[in-house]
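Here are the chains, one letter per residue:
Number of protein chains: 2
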Amino acid sequence: MGTTQLEPVPEPKYWHLKTVLTEALDSEFSVGEILPNERDLAARFGVARATLRQALEQLELEGRLQRRRGVGTTVAPPRMGVAVGSEQHTWPGAAGDDWQPTDCTLAVPPAAVADLLETGRDGQVHTVRRFRMTHGQPVAAELLYVPDSSVPALSAIDAPSGAARARAVLRELQRLALEGQDQAVELGSAGAEDARELDRLPGAPVLLVTTRFHAEGRTAAVSVATYRADTCRLTFGASGGVEIHHDPQRHAS
Amino acid sequence: MGTTQLEPVPEPKYWHLKTVLTEALDSEFSVGEILPNERDLAARFGVARATLRQALEQLELEGRLQRRRGVGTTVAPPRMGVAVGSEQHTWPGAAGDDWQPTDCTLAVPPAAVADLLETGRDGQVHTVRRFRMTHGQPVAAELLYVPDSSVPALSAIDAPSGAARARAVLRELQRLALEGQDQAVELGSAGAEDARELDRLPGAPVLLVTTRFHAEGRTAAVSVATYRADTCRLTFGASGGVEIHHDPQRHAS
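Order-wise, the sequence lines are chains A and B.
Counting in the UniProt record's numbering, the first sequence runs without a single skipped number right up to 253 at its last residue.
Counting in the UniProt record's numbering, the second sequence runs without a single skipped number right up to 253 at its last residue.
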């Protein structure tokens with residue numbers, strides 16, 4: 001209240017601070033380096049702790065910073081390009097797939113998945129849990145929903161659950177002729193189980209990829225994969241990825 | 001401290017609250033309805049305001065709630081499926097495109113874009129600004145970077161800037177034979193200008209889609225599009241979208 005603002009200020013304070021911090025990250029810090037604590041940073045930039053925290057949150061959203069329990073805030077490496085959609089459609093579990101099946105249960109899927117599979121709201125489907133490692137890091141967790149009608153030859157003699165059962169379901173799925181797939185990407189927050197597997201806190205922002213697999217003129221399987229939004233850039237297309245660490249605010253100096 | 005917890009609590013409080021709130025949203029509220037204020041909600045669920053706020057933030061991330069200035073917190077409609085990648089590749093501005101060009105300037109692109117276009121860190125490129133409306137709502141803002149070499153016949157007589165110039169650049173681009181494209185999706189935060197156009201606060205979570213267009217054996221143009229993460233589900237694939245409002249936590253009742 002004691003100062004007079006001569007010009008309109010179109011940007012909130014934390015937004016300006018974010019820009020200043022981004023420049024400091026580019027010029028003074030290297031990947032993996034631990035940032036000074038919040039008190040020192042707030043003092044250096046002459047802002048309130050709350051403003052600083054908002055700016056740090058933005059930089060975390062943009063993948064520039066990582067906050068890790070017991071470590072503090074570090075400068076993040078560039079995001080990894082992770083191939084999600086390619087022009088050659090293949091079934092989950094096909095050769096070259098970098099997903100690891102860990103479990104399989106019979107369960108009632110979420111209502112929206114049940115509607116796609118036309119299994120009815122109370123019908124159980126094979127639910128394969130897989131996760132994906134890239135460069136030794138867990139990047140995604142998946143639930144793959146497969147109705148009985150898509151794996152008719154699946155034998156009850158196969159392992160009733162666990163990774164062996166998951167592999168049996170995937171193997172049977174390969175027998176169907178895949179006609180196509182479509183995908184959707186949206187923002188979500190990590191559920192408790194996904195968070196644990198992805199080494200994130202519950203509620204952390206994630207990218208949800210829903211893939212619908214078409215065979216025999218219907219939706220033969222639905223995959224819902226949860227990707228870490230902090231470390232992953234999802235790529236689509238023939239070349240397997242746009243090699244760009246994107247930052248629309250950063251210009252050539 | 002006065003109560004004894006007999007069981008380990010693996011989930012943070014706000015996460016549990018989020019689950020409870022989700023059920024309340026499903027059963028008691030309809031789309032567009034304004035939620036009670038934070039004080040009343042906190043009292044109803046017997047939690048601290050800070051816990052409530054965290055849970056509301058999660059639900060906003062998941063697209064279940066919208067917070068709007070001057071209105072309050074409302075129950076969000078299901079996200080819109082917005083087609084981002086299709087199997088038929090076309091140039092920006094091709095027939096059927098629902099983007100509106102608004103401006104075109106000559107500018108030095110971000111360093112990462114300059115590297116893809118091989119225009120050098122100080123080279124200026126035609127920078128077309130467009131935005132996209134779906135169902136009367138702005139859903140995305142785009143910067144399309146086109147080097148001179150991709151539009152060699154572009155005349156200086158054409159409008160020097162503005163929407164007319166943008167249309168001239170797009171028209172010239174159509175002359176090149178498009179060989180393919182690839183795309184990447186990642187989480188970002190809205191810059192000040194994008195935020196204004198998309199009716200969001202600066203720093204709001206957005207989905208950044210980077211598209212590289214290939215022609216004449218090189219990258220002929222790069223588009224960086226900022227999609228509202230609260231209202232959009234980005235779809236990829238032939239059928240134009242997975243018709244699913246995804247919520248991995250919500251199961252059939």
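No wet-lab data here; the hints were simulated from the structure.
Values in this document were obtained by computation on a predicted structure and should not be read as measured data.
Every residue, glycine too, gets a C-beta built ideally from N, C-alpha and C.
The reader is advised that the hints may include incorrect statements.
Example chain A residues on the side facing chain B (calculated, C-beta under 10 angstroms, incomplete) [as the list claims (entries may be wrong)]:
(1) W15
(2) A42
(3) G46
(4) E57
(5) E62
(6) A164
(7) E186
(8) T210
(9) F236
* Report holds or violated for the interface hint on W15/A, using the least CB-CB distance to chain B and a cut-off of 10 angstroms. => holds (4 angstroms)
* Asked: Is the shortest C-beta separation between G46/A and chain B less than 10 angstroms?
  -> Since the shortest Cβ distance to chain B is 20 angstroms, the answer is violated.
* Is the interface hint for A164/A satisfied, with its Cβ closer than 10 angstroms to some Cβ of chain B? -> Constraint on A164/A not satisfied, violated at 25 angstroms.
* Satisfaction of the E57/A interface hint, Cβ to chain B closer than 10 angstroms -> Where the cut-off is 10 angstroms and the nearest Cβ of chain B is about 8 angstroms from E57/A, the hint holds.
* To do: Go through the hint on T210/A and say holds or violated, using the shortest Cβ distance to chain B against 10 angstroms.
  => holds (5 angstroms)
* **Interface hint status, A42/A versus chain B (Cβ within 10 angstroms)** => violated (18 angstroms)
* Asked: Does E62/A meet its interface restraint, that is, does its C-beta lie within less than 10 angstroms of any C-beta in chain B?
  -> Hint holds; E62/A Cβ to chain B Cβ min 5 angstroms, cut 10 angstroms.
* Was the hint right that E186/A lines chain B, CB cutoff 10 angstroms? -> holds (4 angstroms)
* Does the interface hint hold: is F236/A within less than 10 angstroms of chain B, judged Cβ to Cβ? -> holds (5 angstroms)
Going down the numbered hints, you'll see the structure goes against 2, 3, 6, while the others check out.
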